[in-house]
Structures are given as structure tokens and as C-alpha cells.
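Sequence lines, in order, name chains S and B. The C-terminal residue of the first sequence carries number 497 in our numbering, and the numbering is unbroken. The C-terminal residue of the second sequence carries number 497 in our numbering, and the numbering is unbroken.
Rather than coming from a laboratory, the hints here were simulated on the basis of the structure. Being a predicted model, the structure only gives us computed values, none of them experimental.
For chains that are exact copies, the list does not tell them apart, and a pair is met inside one copy or across any two.
Distance condition first, Cα-Cα at most 25 Å in a straight line; then the derived DMTMM-like pairs of lysine to aspartate or glutamate:
no. : residue 1 : residue 2
1   : 33        : 22
2   : 208       : 228
3   : 235       : 173
4   : 177       : 226
5   : 480       : 410
6   : 208       : 226
7   : 237       : 173
8   : 80        : 346
9   : 396       : 384
10  : 343       : 436
11  : 208       : 173
12  : 134       : 60
Number of protein chains: 2
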Amino acid sequence: MQFLLEVMEILTNYVRKTFDRSTKVLDFHHPHQLLEGIEGFNLELCDQPESLEQILVDCRDTLKYGVRTGHPRFFNQLSTGLDIIGLAGEWLTSTANTNMFTYEIAPVFVLMEQLTLKKMREIVGWRNGEGDGLFSPGGAISNMYSVMIARYKYFPEVKTKGMSAAPRLILFTSEHSHYSIAKAGAALGFGKENVILLSTDERGRVIPADLEAKIISAKQKGYVPLFVNATAGTTVYGAFDPINDIADICEKYNMWLHVDGAWGGSLLMSRKHRHKLNGVERANSVTWNPHKMMGVPLQCSAILVREKGILQGCNSMCAGYLFQPDKQYDVTYDTGDKAIQCGRHVDIFKFWLMWKAKGTVGFEQHVDRCLELSEYLYNKIKNREGYQMVMQGEPQHTNVCFWYIPPSLRNIPDGEERRERLHKVAPKIKAMMMECGTTMVGYQPQGDKVNFFRMVISNHAATKSDIDFLIEEIERLGQDL
Amino acid sequence: MQFLLEVMEILTNYVRKTFDRSTKVLDFHHPHQLLEGIEGFNLELCDQPESLEQILVDCRDTLKYGVRTGHPRFFNQLSTGLDIIGLAGEWLTSTANTNMFTYEIAPVFVLMEQLTLKKMREIVGWRNGEGDGLFSPGGAISNMYSVMIARYKYFPEVKTKGMSAAPRLILFTSEHSHYSIAKAGAALGFGKENVILLSTDERGRVIPADLEAKIISAKQKGYVPLFVNATAGTTVYGAFDPINDIADICEKYNMWLHVDGAWGGSLLMSRKHRHKLNGVERANSVTWNPHKMMGVPLQCSAILVREKGILQGCNSMCAGYLFQPDKQYDVTYDTGDKAIQCGRHVDIFKFWLMWKAKGTVGFEQHVDRCLELSEYLYNKIKNREGYQMVMQGEPQHTNVCFWYIPPSLRNIPDGEERRERLHKVAPKIKAMMMECGTTMVGYQPQGDKVNFFRMVISNHAATKSDIDFLIEEIERLGQDL
Chain S
17 MQFLLEVMEI
27 LTNYVRKTFD
37 RSTKVLDFHH
47 PHQLLEGIEG
57 FNLELCDQPE
67 SLEQILVDCR
77 DTLKYGVRTG
87 HPRFFNQLST
97 GLDIIGLAGE
107 WLTSTANTNM
117 FTYEIAPVFV
127 LMEQLTLKKM
137 REIVGWRNGE
147 GDGLFSPGGA
157 ISNMYSVMIA
167 RYKYFPEVKT
177 KGMSAAPRLI
187 LFTSEHSHYS
197 IAKAGAALGF
207 GKENVILLST
217 DERGRVIPAD
227 LEAKIISAKQ
237 KGYVPLFVNA
247 TAGTTVYGAF
257 DPINDIADIC
267 EKYNMWLHVD
277 GAWGGSLLMS
287 RKHRHKLNGV
297 ERANSVTWNP
307 HKMMGVPLQC
317 SAILVREKGI
327 LQGCNSMCAG
337 YLFQPDKQYD
347 VTYDTGDKAI
357 QCGRHVDIFK
367 FWLMWKAKGT
377 VGFEQHVDRC
387 LELSEYLYNK
397 IKNREGYQMV
407 MQGEPQHTNV
417 CFWYIPPSLR
427 NIPDGEERRE
437 RLHKVAPKIK
447 AMMMECGTTM
457 VGYQPQGDKV
467 NFFRMVISNH
477 AATKSDIDFL
487 IEEIERLGQD
497 L
Chain B
17 MQFLLEVMEI
27 LTNYVRKTFD
37 RSTKVLDFHH
47 PHQLLEGIEG
57 FNLELCDQPE
67 SLEQILVDCR
77 DTLKYGVRTG
87 HPRFFNQLST
97 GLDIIGLAGE
107 WLTSTANTNM
117 FTYEIAPVFV
127 LMEQLTLKKM
137 REIVGWRNGE
147 GDGLFSPGGA
157 ISNMYSVMIA
167 RYKYFPEVKT
177 KGMSAAPRLI
187 LFTSEHSHYS
197 IAKAGAALGF
207 GKENVILLST
217 DERGRVIPAD
227 LEAKIISAKQ
237 KGYVPLFVNA
247 TAGTTVYGAF
257 DPINDIADIC
267 EKYNMWLHVD
277 GAWGGSLLMS
287 RKHRHKLNGV
297 ERANSVTWNP
307 HKMMGVPLQC
317 SAILVREKGI
327 LQGCNSMCAG
337 YLFQPDKQYD
347 VTYDTGDKAI
357 QCGRHVDIFK
367 FWLMWKAKGT
377 VGFEQHVDRC
387 LELSEYLYNK
397 IKNREGYQMV
407 MQGEPQHTNV
417 CFWYIPPSLR
427 NIPDGEERRE
437 RLHKVAPKIK
447 AMMMECGTTM
457 VGYQPQGDKV
467 NFFRMVISNH
477 AATKSDIDFL
487 IEEIERLGQD
497 L
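This is chain S alone, in the form it adopts within the complex (with noise of 0.2 Å):
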């Protein structure tokens, strides 16, 4: 018990200095130092044990080598920021150490597992919010159970049988679509060249014409579109594409439809921007992670299921040892069987408690406030010197994607030399970043596009001066590139 109060008070203590804005963001080493053990601490693993002060001090350089996620100024990833409600959700979490295949062991979190998904199907729109769902290990793996659910209502004997009962099946994804459909696609024995890649518009929206095109392309050669994934707020631009139209489409050729919300689902939660996912009401399946946006801990991620039955349908083997139809409370309750898991981690607690803090007016305000900063953000380099933006217009989620020209490229002309030049710039910003450990922001290539940043932000406690203060960090370090 002392032990683990100890532990406690090197746990607030981080987690007040991760609001510090003087706290680095994190301190770097490449991984052959700390393999070399940096001031003693030693990542092998030996035969006799160590003692428990050893164990308090590993605790410490854990953190002190790792990255402060929850920082203010770390931008890298879609998930950041530290919750201190969720946190403490996840800490009672640990402490129950249970598994949410039964309601025999994990009552409480399986009521709250359904009635937060009710709720997250109301918000979608289905009535009544009835339909189906769990939280997955992940935004990949929910995508991967919309593909498999898509498959077992048009093809059921596919479960039995293999892919070998079915035609050659087709998936369309747009190209800027998240690569775990891809995977999906590969994993399940459809194989990646039957996951067609749609083209978009000049701000990554899927061109609706274009799904129809390669929709009866495929009928043509004889294969069966069967599902189209459309995504609510791509990975690096943020874009919506159009799910109505997508869905129009998808009734007319009598194919699934999912949306992928992974980072946009959010925004249903705020009047002011859940328009970007209208027709979301018309998919059957959606993916949702509330990790990303709404800012709780990692990981929380939805699979929502609009028709009853299929999940289980589609996943149940009735293994008599863990879900015997003979017990004294209504089996009903018992979720394993829907999954491709046997265990799975109790995921809902933390968000069903900041939900309860926050209530849904919370979370609507933090999606408003982050777009908001984005917008900042977008006003405030759109004409500036040494910017230029990757596409036009204001940003539809909170990705705002741009090149930063270092003055020693601004004169030079459009070309070849440029375009090489300019690619390197964002990777050597980054690496000086993580260096000083001051910010952290994500740059990637993209189609014919060298190497820019991407800017998100889904972090409640990042604030305009942090947005001013990257802004001059990208500027202090890139001006002699």
C-alpha cells in the first residue's frame, strides 16, 4: 500500500507538470542510448528480482524518457491531451481488472457499454437509437468488423464456407482514406487489389461520380461491389466526403454502406458542425473513436451496427464454457460472442464517467472550442510570409495542412529543385522539435505532394498562445533551412 501511494505521488506529480508549459514535451534519445541505459536506467529484464525502491525509480524514468502526450504543445497525433476524469476512469478501470465478454463478471460496465452505444446511436440518428455495436480495440479493428458484418448480410455462407461461395467481391474506399480498410480488406481474404481506391477532390472529398463509375466497371467485369466506406474527417486533411451522395449510390447498387468517423464522428456531438456528416443516418455501419476528439485516454473505440443480430450473427461460435445458456440471469447480456475477441478490455468506464462530468454539452463545447483554435490557426498563416496552404478554404475539422518556405526557397521558382528541397524541410523541423522537446507536430508526403505539416488539435488544454507559440518554433528553427 505504501508502494503503490508512492507510485500515486509520482503520477500527480507528472501529471502536473504535463500542463506546465516549461515541462519539455519530451526528451529525446534515439533508441541505441536508451538501449545503452541512460543513468542507470536498464530496460533488461533479469532472473531475480529488483527491489521495490528500484521499481519506484523505473517507474520515474519511464516517464521521464517518454512523451508527454497530454502536453499543451504536443499536436502529433489525432488522440492528445490528458483528461483528468478519464484518467481517473482508467485508473478504476485497472483496479477492477475485469473482462467484458460476460455480464457475469463485468455487470456494471456491460450496462454502461449499452446504454452509452444507445446513446451514440441516437446521435448518429438511427431510431430510437436501436441497432448494435462494441467497443473495439481501435478504430482499425472496427473498420474490420464493418467489412466483416458487410460480407455475412450478403453472403452468409462465407462464415461456413469460405470466400470461395462468393463472387469476387469489391470494397471502395476513397484514396485518402484511412489504410485499414486495406488492411481489412487484405486480413479477410477479399485481397487488396479488390479494394478499389476512389479519387477525390482538390480538398480530399470522394468524387461521388467517380464511385459510381468504378461501380459499374466492376459489375462489368462480373465482381459484386459490396461495401463502401465513407469517410467523416480523413486522417490528414480532415475532410468529410459527401455521405448522402454516397449513400444515394450505395441504395441504388444495393451495397453496405460504412462511415468512417474514427476522428470526424465527434462532431455529432456539436449542433454547429454535425452537418458535415449529414446522411451519417443512412450508413449501416459506423466507426467512432472517442479517444480521438472527445479526448478520452486510449484506447475507446465504436463499432456501431444499425441492423439487431448481425454482429452476433456473424461472429457467434457459442463456446459452452464461457456462455452457458443456463445461467440465472438473462443471457441477453452477455456480449462476447458478438466479437472477434474472446477477452476485451473494459474500454466504456472512462468515457461513460467524463460523459457524466462533461454531460453532452461538455463534449459539444470541446469539439467547438478545438475547431475554433483550428480556424485561428488557419486565419493566422493563410496569408502569412513563408506559408503556403495545401488546399483553399477554411479547414472542415481541425486539420489545417501547410507547407512552411524557408526563406532560402521563397525566390526559388517553381520546379523540380524545389519540390526536393521543400520536402526535407518539414522533416528537419521535426527532428530539430523533438530535439529542443519543445512541440511536436505531424508532417507527411501525400499523392504528388512533398513532405507538410499537419496541423490537429483535439487536446482541451491547448490554447491560442500555444497555436502562436508553434508557429514561431516552425519559424525559429526552420529559417537558416
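Please arrange chain B on chain S, whose structure you already have, making use of the hints.
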């Protein structure tokens, strides 16, 4: 901060009481009772926020109506117990709130995972601990990985072209094995009917001759036998399939050998018991869940792979926005593209910290002790009046399977009536146990055997007196049935 300290107070009180045998294992309520709201515990989510005082009450109530999986008399699942170091590790993990996909945002955790997986591969017996692996969200997903990479090894074109590019592929697994192999077969597009179940001996171990006969039969039909799963520690009987004999057959027919050691893999830590997995070093892949027999908090499951590079080859999609090749550090440390997940929860730290605190020898002692306790139970009841063992001989793992025969059934001759009545005994006793809240133990039917109790021990807090208590409690609750 004050709030966090109050939560901490609630949690430490809970932990203290969990180890107190006068505390109930659970305070059972039916779903409708909890949904109606007991003593003001309201599960519904609202638009408006609740006060922090109410949030603290919610935390207390959540624990109150849950199940104490760390209680010394909780024997219901393979994962039991509450290790204090592991718990501290999980609290730290939640506080760090990061993601395993890149070294960039989880430098320390990524290295801990690498070193720990290497250590586990050394213990499996692969030369210099070479190979690959990942921590995944549970044994079912680890087993799914094994099927995916087996397919990729023999038919890499399936990744691109889908299952139609391969002949009809057959997976083999014991009729006593975990249902996740069949689930993986269904999900990945093989089809459940191409997952052939192998016959077992009276102890639940695969009969190698049956495997060979079924392989030959599949080949005669023109199918391609691809994969054999050998279980090390089955879920119900705790049986260990004869790995060496199975490995001989896999070599002869050029098939992938997977060992599902989700439950039994931990016996590798014990010099006394590891012989039960003899031949495991010949496997191509191994599932091993430290969150079961080693007492690590949920979730912690490893998939180990003998051939380096194949996980990456099977799953990589090379997303530019996450796995930039032009980072300043050695990007081979970015593990995300090996996984079917994108974001991946940090499951390593609690395990690493426990290993530091206990040493390899500490895990060995824990395993040996649990097996001694199960031997104690077996010896206590094997000749006791009113008990009938499901199988003869000492348990291979901590699973002890038995019927309790109430006095009213003892003089009824074996036959349909006795079977029917006996089938109802375990569920009734279990329901009463749960209503009294005194202890919990699992039951299930198996094949033609009616419901029997399956006792398992993985909790470091359990002692002989708790075993004695379980037996007394079964007799107290069952004597008048």
C-alpha cells in the same frame, strides 16, 4: 488534483478490501435491477454535467456492484488476481496515455516490448531469441495473427488477390481447443467448415494419428492442409497437446505449426513444468498470455513468430502519414505496420515492471505454487464422497474438473434421469454462490458430459484455506439439491 487524490483513496480502499476474505466476491444484481438504479446509482447519461462529488459516488458505486476479480476466492476465469506492481504499472500506462505504433511517441515502451518479446522467444527456445512478435488485444487476436501469417507464408498472393488465389486451405485444431481458431477461420475467409476438429484422448489431448489421417483425407479431396494449432493448456481440461508428435507431422506435410499457449504458455517459466510444452521450439508461432497464469493485469497477450519479417510482410500497408521513412531515428523501431491495428494500447509496461519486481524466478515460484494448489484440490476431492472426477489422473495444468453429486443423486443409477438432474446441479450451485457472493467458479458441459465444475487457479492470493472454503461452500449449497 484533489479529485485525483480522492479517487486514489477510493481505489486503495477497494484494493485493501479485495484481499480481505470477509469481503464478498460480488454483490449480485440482475440487469434490470441495475438498470432501474439501485440506491440512486443511475447509469443513464445526461446532457448536463454532474458535480465532482457525484462522480466520486459513481466511482464508488461502480466498484460496489462489480466483481472483485482479485479476491482470493474468485476462481471463475483463467485471469484472476490483482498484482500490486502490475496495477501500479497499469496506472502509469494510463497516465502516459500513448500509443505503440511509433518509437516517436512511445520510445521507452517500444523498446520494452522488443526486449520482453526477445526474452519470451528465448524462453520458448528459439536460437538467440530471434524472430518477431507483438502484444495484441488478447489471445483470440494473437491466434488470428498466427493463421494470417501462415497463409502469407505459403500463399503470399492472397494478400493482394484474395482467397480465390489459393486452393482450398485447411486448418486443424483440437475439438477441445479455444473457439478463436474457428473464429479466425470464419473471419479470414477460410470458412468454418475448413477448420477441421481433431479427436482427443480421454484427457483432452490431440491424438496425432487422427491429425495425420485427417491431413491425408483432406489431401485426397484435393485440399491443401496449411496449419495446425496445438494447444498448450486447453480452456476446460487444461490439456497439453503432444507438440513433438504434431511437429513431426507438420514437418512431414510441410505445414505451419502454431502453439496456442494463451493459458499454458506460462508453464515455460517453470523448470518443473515446462516439459509439458516439449517441442514448442519447433513451432512457427506461439500465443502466450501473461494476463492469465502470470497474473499480469488485463490485457497482455503476445504473438511470437519464429521467422523475422513475416509479420511485416503480411500486414504492411506503408501509410506515409504515420511511418515516414525520413525520420531522424532508426525507423525499424516503428512497429505499427506489423499490426492489423493502427493505434495499439500499451500492454507491455505492467508486464515489464512485474518482471523487474519478481524476476524470472518470481514468475516460476508463482506458477509452481498455483500448480501445487491444484494438486492439493485434486487430492482432496478425488476420493471424497459426493465427488466424481471428469478424468482420471493428476491435472496437467491448474484445471481440476469435477462433478459434485448431491446426496439425493448418489443412489440413482447412471442413466438419463441422473444425467438430466446432474446437469442442473452446477448451474444451481453457481447461482447460489453468486447470490451469496462468497465465491465464484466456472462450469460447463463438454461433448457428451453434462455440466461440471472447472476449477482453475491463477491468483497469487489464493491459499489452501480458500480451496477448502470452496469445497465446503459447494457442499453447503449443494447438499439439499
